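Chemist: Protein chains in written order, with the working numbering: chain A, 1 to 339; chain B, 1 to 419.
Just so you know, these hints were derived from the structure itself, not from any lab.
In this text the structure is predicted, and so the values were computed from the model without any measurement.
Please note: incorrect hints may appear among the correct ones.
Okay, the calculated bits of chain A under chain B, using three or more residues with CB under 8 Å as the criterion [stated by the list, open to error]: (1) 141-150; (2) 195-204; (3) 264-270.
Pulled from the structure, derived: some chain B residues nowhere near chain A, Cβ distances all over 12 Å [stated by the list, open to error]: (4) Cys28; (5) Gly30; (6) Gln42; (7) Ala57; (8) His108; (9) Asp118; (10) Gly252; (11) Tyr370; (12) Pro392; (13) Leu393; (14) Asp395.
A virtual CB, placed ideally from N, CA and C, is assigned to each residue, including glycine.
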Amino acid sequence: MKRALLLLALAACGDNDACTLDGAMCKKLSYYGLFDDIATQQPAAGVTAYDLETPLFSDYTTKHRFLVLPAGVTATWSDRDALDLPVGSVLVKTFGYLADRRDPYSHETKIETRLLIHGSAGWHGASFVYDGDGSDATLAEAGTTVPSTWIHDDGTPRDNDYIVPNENQCKNCHAEHDDVLTPLGPKARHLNLGAQLQGLIDHGQLAGAPPAAEWPKDPNAIDPTTGTLDQRARAFLDINCGHCHNPTGQARTSGLYLDAFETDVAKLGTCKPPVATGRGSGGLSFDIVPGNPDASIMIYRVSSTEPSIKMPELGRNLVYDEGVQLLRDWIAAMPGTCN
Amino acid sequence: MRTVGLTIFLLGGCSSSPDPCAGVTGACVGVPEGSSPEAVQQALLDVQAGGTVAFGAGTFELTTGLSLDIDDVTLQGAGMESTILSFANQTDGAQGLYVTAQHGFTMHDLAVEDTKGDGVKLLGTTKVRISKSRVEWTKGANETNGSYGLYPVQCADVLLDGNVVKGASDSGVYIGQSDMIEVKNNQVSLNVAGIEIENSTHADVHDNTATNNTGGILVFNLPGLQVENGAITRVFANQVFDNNTENFAPEGNIVGLVPTGTGIAILAAHQVEIFNNNIHDHKSINLGIISYETTMIPLPNPGNYDEYPTAISIHDNMFAGTSDMPTGPLGALLISALGEIQATGPYIVPDIGWDGVMDPARMAANGGMYAATDRICISNNGDADFINLAWPLSDATKPSLDASQVACSLAALPEVVIQ
């Protein structure tokens, strides 16, 4: 499997298909050699699996995340943003549906693997959609739709026309600041789970970390034992909304900022009138009305599946029931009124 | 042999439908009639910076939003009635087309129809040229239509010329938080707001026709945004008439407050010159000027927001028609104000109304009155009549029809020059 990681640097894939770290993406996921076994997502040597305490909701898919750091280089700690991953790094995320969500060992149908590659001119990404037998995946620059079915947590059959984003849409979420594509998940506060961060440090892959006692840490948004309601709601908003809704993000024009570092409750939505919300207002006057989730535009939008109303705009066809309930509880517990 | 056969087949196809790239100078990606949604998006990924994506005549049925992130690309079709990007069956995407290129976007001779959200949104692009294009919701005025037709936000150097926009449930042409803008020769109808210039600076809006909207042309400044206190807007030589389509904006939106039957409305804007327009036949009011206070929407965190309109010059316009059916909360305010002036109806709303709310800080700094350069000035508008609502009502200061209080003029604003 060294072969594969070398290929990235050598700019030569097989099958008449020139793909490079900086230029064209390979047509097949297998050319990157990231997995010993794609079907089971068994990573190759040098490919490190990781997880996030509170993940972005993606229509009840399961996700497998991996990090590839070039040999001999280290990532650099950041308190706020993603760890600074050097040129040559690759982030890998596979999305799939378990046949039965109640059984983590039930068959998982892989849908897509997204790569985010740090080339010399910056990060770029693309998605690979799994072939019929799941043994490899094919570059899908323009995106596609994959009809999917599964048994849900409550035992009911569910379905979704899962949408694989097009290449430009990487930027719609990943241009977290100033229209520059960056990783979102590997931030210290999201990665501070189990021994993950310590593992990177111990392997010489992460430098500049402060003492462990100073590491920021997300709660698990839907596990009440891991944090207060406010902490959990803010962690949820941070990872699901904050990459656009921050002062330099794609939703900066709205004036609604939901990232982890916002401290002004008005900018977080309390009694904030909508601006260019259009149908998204749902006939309501404020983003958040303390104590009244049903009068809050935020709840209206996260509860909708209409393309012109739903939030987030991308990557969600289905309502995340547990997340909506968290935000409802959070708003219901807020003191005060808007008038 | 198989390859040869395929080539012949493709050539045959070309002879019956012309190459969309024919006549295009420079790099071009052709999108012929019958292309799949994925092929359309692929063209927007494959086009080179500075190149063209040329659509053939025909209707392209799209199911998800399109996006473009490459600089200086031109999208062209065979005409706004011939090349149609239809989003009637859209299931994903908050826009029809979302452009995030940082420099350069040109679109002409294309139509975008029935998007679920906004028609064409551009974020942070410098140099935008959209001409001879159409954005339309084909059911007419309907609250389930998308919000904005042509929607550049935080853009600069913007020219919208000769477009048609119909049916937006917020604004047909909406310019937000932008700088250096020319909006000309467009036809906007059946939108809630025909054209809205919001929190923007240096805008020329001229030679447009705005009719059958709820409100024809709006110049607004709103609080709580990154770009606040827009200024220097000229609205001239427009035809603004019969904007009497019942307001169909979802509640909660600022344009939901626009009374059905409004010609031109100015909200908390600065340095606005409105001249040489034909403004007539609006059932609420031909031209209204208000502060944010009069919207009665709370201002939780004003920051640097300036909620008072200043330096507004209304001159040399033609006003006509009878406004005797003002609607909504602001319409009711007009009737109440007239009721303080005359005991019985009929109540005919004057052509031009001002809420009369003035900035106490500016007045205090200038001996109890506005400096000459901050005033609301209304002159040479034929027989147009005027009302100062002296909001809030029911207090000691009574509404007034005396136009001498606004009889002044301001220096002309500079022209916007788009190269």
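Chemist: Run every hint past the structure and note whether it holds.
Modeler: Hint check:
1. 141-150: holds (count 5)
2. 195-204: The restraint on the stretch 195-204 of chain A is violated, since only 0 of its residues have a Cβ under 8 Å from chain B and three are required.
3. 264-270: Coverage by chain B holds here, the residue count being 4 at a Cβ distance below 8 Å.
4. Cys28: 18 Å, holds
5. Gly30: 16 Å, holds
6. Gln42: Violated, since 4 Å does not exceed 12 Å.
7. Ala57: 22 Å, holds
8. His108: Nearest chain A Cβ is 21 Å from B:His108, so the label holds.
9. Asp118: B:Asp118 not clear of chain A: closest Cβ-Cβ about 7 Å, inside 12 Å.
10. Gly252: Since the minimum Cβ distance to chain A is about 3 Å, B:Gly252 lies within 12 Å and the statement is violated.
11. Tyr370: 28 Å, holds
12. Pro392: 17 Å, holds
13. Leu393: Correct as stated: the minimum Cβ-Cβ distance to chain A is 20 Å, above 12 Å.
14. Asp395: Answer for B:Asp395: holds, closest chain A Cβ roughly 21 Å.
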